[in-house]
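Same order as they appear, the protein sequences are chains A and B. Residue numbering for the first sequence follows my numbering, starting at 334 and increasing by one per position. Residue numbering for the second sequence follows my numbering, starting at 5 and increasing by one per position.
These aren't lab readings, by the way, just hints derived from the structure by calculation. Everything numeric in this text was worked out from a predicted model, so none of it was measured. Beta carbons: idealized from backbone N, C-alpha and C, even for Gly. Check the hints yourself; a few may be wrong.
As the list claims (entries may be wrong) - Derived DEER-like restraints, expressed as beta-carbon distance ranges:
| id | chain 1 | residue 1 | chain 2 | residue 2 | range |
| --- | --- | --- | --- | --- | --- |
| 1 | B | K270 | A | D548 | 38 to 46 Å |
| 2 | B | N61 | A | V726 | 57 to 65 Å |
| 3 | B | N391 | A | E847 | 54 to 62 Å |
| 4 | A | E724 | B | E334 | 22 to 30 Å |
As the list claims (entries may be wrong) - Chain B regions said to be covered by chain A (calculated; three or more residues, Cβ under 8 Å):
| id | region |
| --- | --- |
| 5 | 142-153 |
| 6 | 381-387 |
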Amino acid sequence: MMDSENHTSEEHLHPLSSSKEELENLHLHENNEYDPLITKSYSNYRSVMSTLSDSHNHPLSPPSLVSPADSDPLLSPPLNYREFPNPNSTDTSSYIDPPSYADAIFSNFDGETSSNGTDTPTRSSSDGIYFSRSASSNSEYLKITVSNPIKEQENSNSIVPGSSSYVTYLVTTRTNISEFGGSEFGVRRRFKDIVTLSDRLSEAYRGFFIPPRPDKSIVESQVMQKQEFVEQRRVALEKYLRRLADHPVIRKSDEFRVFLQVQGKLPLPTTTDVASRVLDGAAKLPKQLMGDSLIAPSEVVQPAKGGRDLMRLFKELKQSMANDWGSSKPPVVEEDKEFLAKKERISELELQINGASQQAESLVKAQQDMGETMGELGLAFIKLTKFENEEAVLDSQRARAADMKGVATAAVKASRLFRELNSQTVKHLQDTLHEYLGLMLAVHSAFTDRSSALLTVQTLLSELSSLQSRAEKLEAASSKIFGGDKSRIRKLEELQETIRATEDAKNVAIREYERIKEHYF
Amino acid sequence: MVTFEGMEQHRTSSGSSQSPRSPSSSQPFLSVSVTDPVKLGNGVQAYISYRVITKTNCPEYQGPEKIVIRRYSDFVWLRDRLFEKYKGIFIPPLPEKSAVEKFRFSAEFIEMRRQALDVFVNRIAAHHELQQSEDLRTFLQAEEETMERLRSHETGIFKKPSDLMQIFKDVQSKVSDVVLGKEKPVEESDPEYEKLKHYIFELENHLAEAQKHAYRLVKRHRELGQSLSDFGKAVKLLGASEGNALGKAFSELGIKSEILSVKLQKEAQQLLMSFEEPLKDYVRAVQSIKATIAERANAFRRQCELAETMKLKEINLDKLMLIRSDKVAEAEREYHELKAESEQATKTFGTIVKLMNEEIGRFQEQKTLDMGIAFHEFAKGQARLANGIADAWRSLLPKLEACSSS
Numbered sequence: 334m335m336d337s338e339n340h341t342s343e344e345h346l347h348p349l350s351s352s353k354e355e356l357e358n359l360h361l362h363e364n365n366e367y368d369p370l371i372t373k374s375y376s377n378y379r380s381v382m383s384t385l386s387d388s389h390n391h392p393l394s395p396p397s398l399v400s401p402a403d404s405d406p407l408l409s410p411p412l413n414y415r416e417f418p419n420p421n422s423t424d425t426s427s428y429i430d431p432p433s434y435a436d437a438i439f440s441n442f443d444g445e446t447s448s449n450g451t452d453t454p455t456r457s458s459s460d461g462i463y464f465s466r467s468a469s470s471n472s473e474y475l476k477i478t479v480s481n482p483i484k485e486q487e488n489s490n491s492i493v494p495g496s497s498s499y500v501t502y503l504v505t506t507r508t509n510i511s512e513f514g515g516s517e518f519g520v521r522r523r524f525k526d527i528v529t530l531s532d533r534l535s536e537a538y539r540g541f542f543i544p545p546r547p548d549k550s551i552v553e554s555q556v557m558q559k560q561e562f563v564e565q566r567r568v569a570l571e572k573y574l575r576r577l578a579d580h581p582v583i584r585k586s587d588e589f590r591v592f593l594q595v596q597g598k599l600p601l602p603t604t605t606d607v608a609s610r611v612l613d614g615a616a617k618l619p620k621q622l623m624g625d626s627l628i629a630p631s632e633v634v635q636p637a638k639g640g641r642d643l644m645r646l647f648k649e650l651k652q653s654m655a656n657d658w659g660s661s662k663p664p665v666v667e668e669d670k671e672f673l674a675k676k677e678r679i680s681e682l683e684l685q686i687n688g689a690s691q692q693a694e695s696l697v698k699a700q701q702d703m704g705e706t707m708g709e710l711g712l713a714f715i716k717l718t719k720f721e722n723e724e725a726v727l728d729s730q731r732a733r734a735a736d737m738k739g740v741a742t743a744a745v746k747a748s749r750l751f752r753e754l755n756s757q758t759v760k761h762l763q764d765t766l767h768e769y770l771g772l773m774l775a776v777h778s779a780f781t782d783r784s785s786a787l788l789t790v791q792t793l794l795s796e797l798s799s800l801q802s803r804a805e806k807l808e809a810a811s812s813k814i815f816g817g818d819k820s821r822i823r824k825l826e827e828l829q830e831t832i833r834a835t836e837d838a839k840n841v842a843i844r845e846y847e848r849i850k851e852h853y854f
Numbered sequence: 005m006v007t008f009e010g011m012e013q014h015r016t017s018s019g020s021s022q023s024p025r026s027p028s029s030s031q032p033f034l035s036v037s038v039t040d041p042v043k044l045g046n047g048v049q050a051y052i053s054y055r056v057i058t059k060t061n062c063p064e065y066q067g068p069e070k071i072v073i074r075r076y077s078d079f080v081w082l083r084d085r086l087f088e089k090y091k092g093i094f095i096p097p098l099p100e101k102s103a104v105e106k107f108r109f110s111a112e113f114i115e116m117r118r119q120a121l122d123v124f125v126n127r128i129a130a131h132h133e134l135q136q137s138e139d140l141r142t143f144l145q146a147e148e149e150t151m152e153r154l155r156s157h158e159t160g161i162f163k164k165p166s167d168l169m170q171i172f173k174d175v176q177s178k179v180s181d182v183v184l185g186k187e188k189p190v191e192e193s194d195p196e197y198e199k200l201k202h203y204i205f206e207l208e209n210h211l212a213e214a215q216k217h218a219y220r221l222v223k224r225h226r227e228l229g230q231s232l233s234d235f236g237k238a239v240k241l242l243g244a245s246e247g248n249a250l251g252k253a254f255s256e257l258g259i260k261s262e263i264l265s266v267k268l269q270k271e272a273q274q275l276l277m278s279f280e281e282p283l284k285d286y287v288r289a290v291q292s293i294k295a296t297i298a299e300r301a302n303a304f305r306r307q308c309e310l311a312e313t314m315k316l317k318e319i320n321l322d323k324l325m326l327i328r329s330d331k332v333a334e335a336e337r338e339y340h341e342l343k344a345e346s347e348q349a350t351k352t353f354g355t356i357v358k359l360m361n362e363e364i365g366r367f368q369e370q371k372t373l374d375m376g377i378a379f380h381e382f383a384k385g386q387a388r389l390a391n392g393i394a395d396a397w398r399s400l401l402p403k404l405e406a407c408s409s410s
């Protein structure tokens with residue numbers, strides 16, 4: 334009854350009998366598995382259901398998706414996918430290079446490993462962003478792996494009883510860079526060490542686009558399963574360290590090298606304790622600006638931070654207001670046209686990345702909905718099939734039930750494939766875009782570093798000029814009095830000293846600012 | 005593209021098979037098409053008129069070809085008349101009245117309605133009993149004025165005469181039940197029929213759910229299409245911010261996304277017409293069967309009532325005859341009237357039962373066919389779409405490769 338069909342003149346409508354074969358060829362997995370189920374109209378429904386649940390394992394793990402694709406006649410033979418090498422661009426105008434398109438397909442690919450080698454597809458896919466990959470131009474490489482998380486106890490010397498535990502990770506490095514003085518080594522590090530490293534880097538490399546470190550995620554560590562969280566963190570740490578390794582300047586930095594190489598627990602001495610160092614420097618600066626005592630100028634130029642830094646902040650704020658209101662032209666302005674143009678471009682880029690990221694999110698949602706609805710449709714038809722089979726009185730009902738089951742299982746399968754598609758989309762598209770957004774934050778903070786350095790310079794300059802004019806007035810006044818006024822002379826001398834100190838500070842600030850400017854390009 | 009028309013070609017029993025595309029055969033044929041929807045009138049009064057073209061060689065008809073103009077309410081009239089006259093037969097369902105969408109009258113809505121109406125008339129023309137209906141002939145041939153008169157006369161106060169008559173009868177029978185001292189309505193005790201009734205009611209639920217998901221699936225396709233289009237645009241903008249090869253890659257990605265968006269919208273439409281609509285039609289058909297079930301129940305009740313009343317009248321008559329009352333003649337007349345009615349009711353009921361049995365078989369076969377086609381189209385459409393998507397992305401890869409190696 335299925336065979337005697339419509340004889341319309343429409344070309345693409347095949348008689349149902351041959352189209353049935355076509356239908357069966359449309360199956361997305363090996364044909365043999367499902368043929369018997371389709372043609373056997375009176376199959377026991379229960380056995381069908383169990384077979385259906387078996388196919389859970391079937392084509393969903395990424396590697397096995399290759400085989401169904403191969404056997405499916407509808408797909409043209411898969412292209413030879415290879416890992417696409419990143420551009421060798423030594424284009425130093427931007428540290429943001431295109432993400433690796435290496436793992437274009439679900440399955441394993443035969444890849445030539447690039448300089449920052451990728452072991453498995455899953456591993457390489459976790460490296461979203463590469464910074465100007467020195468692929469084959471130079472033969473330097475620096476490969477980092479994070480593995481082997483172990484829970485350790487903290488030896489508590491404090492009065493507080495009981496020790497807290499934390500997780501350490503094994504950080505293995507393979508390199509041929511001479512500064513490291515070794516080719517392969519490993520150290521144990523904990524998350525706190527990463528935070529330290531990150532802070533020191535951002536302090537030492539103001540103005541650079543420094544990759545953002547993984548979040549502390551206090552909430553997540555409570556909510557997630559321990560293993561899941563540790564694994565998530567391990568992946569994130571590896572990604573981060575690899576990005577640092579890619580950064581041409583940071584990879585050669587002392588801080589990084591120490592982190593990668595020096596055995597044992599990372600110390601927290603005062604010299605490396607960023608927070609306190611900054612605070613100290615900042616605390617001294619107000620006195621500097623108030624002309625009290627001599628302070629090492631290099632300490633002055635640390636960014637104004639911390640609660641004790643009020644005086645400096647206040648002065649800098651005044652300066653920035655003066656700048657904004659344009660009442661007086663600041664002594665040094667951001668004149669660098671090229672820089673401004675780049676800044677514009679980056680803002681524009683950020684806008685577009687934001688837009689793309691949002692659309693990627695809604696795309697992901699749409700795909701998810703599609704998968705869900707397809708699955709629900711499949712289930713509804715499964716129920717219908719069951720119903721028809723139970724209540725069947727006529728053969729036509731059983732035939733219909735068989736057809737329905739075919740559609741239902743296909744729909745459920747399609748639904749699962751959508752889910753898989755979506756997880757890939759999230760991983761490659763959404764996550765990558767999010768990482769770029771995160772990077773934008775780094776860019777912003779680099780910009781901030783630069784403008785705050787500029788502000789410091791400007792503040793110091795105007796401070797200097799007001800000090801100088803005071804000195805002049807004082808000199809003019811005292812020269813009118815014969816014999817000189819001891820107190821006034823003393824004041825003058827003090828003022829001169831202050832001026833000298835401020836001069837020095839100004840020079841350092843300008844140097845710092847210039848240094849930051851340089852880094853941008 | 006497969007339309008409903010194609011499948012309505014097989015009648016199991018009697019001679020007249022329809023082949024609308026072979027008018028030159030000597031076999032009696034009747035082919036109808038509903039075409040050319042035209043919007044007439046303004047605002048609230050607006051309605052759609054259709055051209056109904058009949059081609060036939062049956063002698064009962066006025067000629068080999070006739071074209072008339074009809075509107076939705078005319079089809080309703082036809083359906084109601086058939087429902088009254090051919091109890092026991094599953095009258096083909098009509099698309100919903102849809103008072104809300106009427107105001108919008110989107111092109112999509114109009115086309116779907118036209119298609120459904122075409123299917124409706126063709127099913128009637130293909131049914132070995134219904135095709136002989138005089139009302140059908142009237143519908144297909146009468147002048148517009150005549151049709152208008154009939155339509156307004158029938159619908160009059162009642163919007164749905166069959167439904168209201170239904171309620172009326174129910175009330176009537178309930179009243180008489182009470183009068184006769186029966187509390188419960190009388191029902192058949194045929195176990196097979198009970199099973200059938202249960203089946204039909206359950207089936208409607210299952211089908212409604214499947215149809216709901218099918219409709220949602222259409223929406224998802226549209227949403228995904230829209231999302232891909234927006235994404236494509238955003239990616240293109242992103243590419244514009246970059247330059248050179250990278251920018252080109254982004255723009256290629258954006259273009260592909262937009263192409264796919266179009267494909268998805270097309271598939272959504274296809275899905276609606278070839279998959280969701282057949283499912284909706286299936287639901288309507290089941291509802292029509294429910295109406296027939298109600299009719300049968302009425303007929304059964306009537307048969308029982310009349311049988312009861314007849315018995316009482318018989319007893320009464322005997323009593324009167326015994327006492328040689330002069331009311332005998334009248335009572336006898338009444339008795340014979342009642343007896344005739346009772347026999348008629350029994351016959352009516354019997355016909356309904358017989359017809360229903362035939363109809364169920366026909367219905368199941370027809371539905372297997374219809375759904376087979378709908379599933380086929382669904383699978384084909386999805387496969388086509390998936391291939392299209394895979395092709396688009398696959399063709400993008402070499403372009404990306406070119407960019408990343410530059």
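Taking the hints in turn, this is what the structure says about them:
1. K270(B) <-> D548(A): 38 to 46 Å: Distance hint for K270(B), D548(A) holds at roughly 43 Å.
2. N61(B) <-> V726(A): 57 to 65 Å: Violated, since N61(B) and V726(A) (Cβ atoms, about 38 Å apart) do not stay within the stated range.
3. N391(B) <-> E847(A): 54 to 62 Å: 59 Å, holds
4. E724(A) <-> E334(B): 22 to 30 Å: Because 52 Å falls outside the window, the suggested range is violated.
5. 142-153: Coverage by chain A is violated for the region 142-153 of chain B (0 residues, Cβ < 8 Å).
6. 381-387: As far as the region 381-387 of chain B goes, the hint holds, because 5 residues have Cβ atoms under 8 Å from chain A.
Against the hints set out earlier in the document, violations occur for numbers 2, 4, 5.
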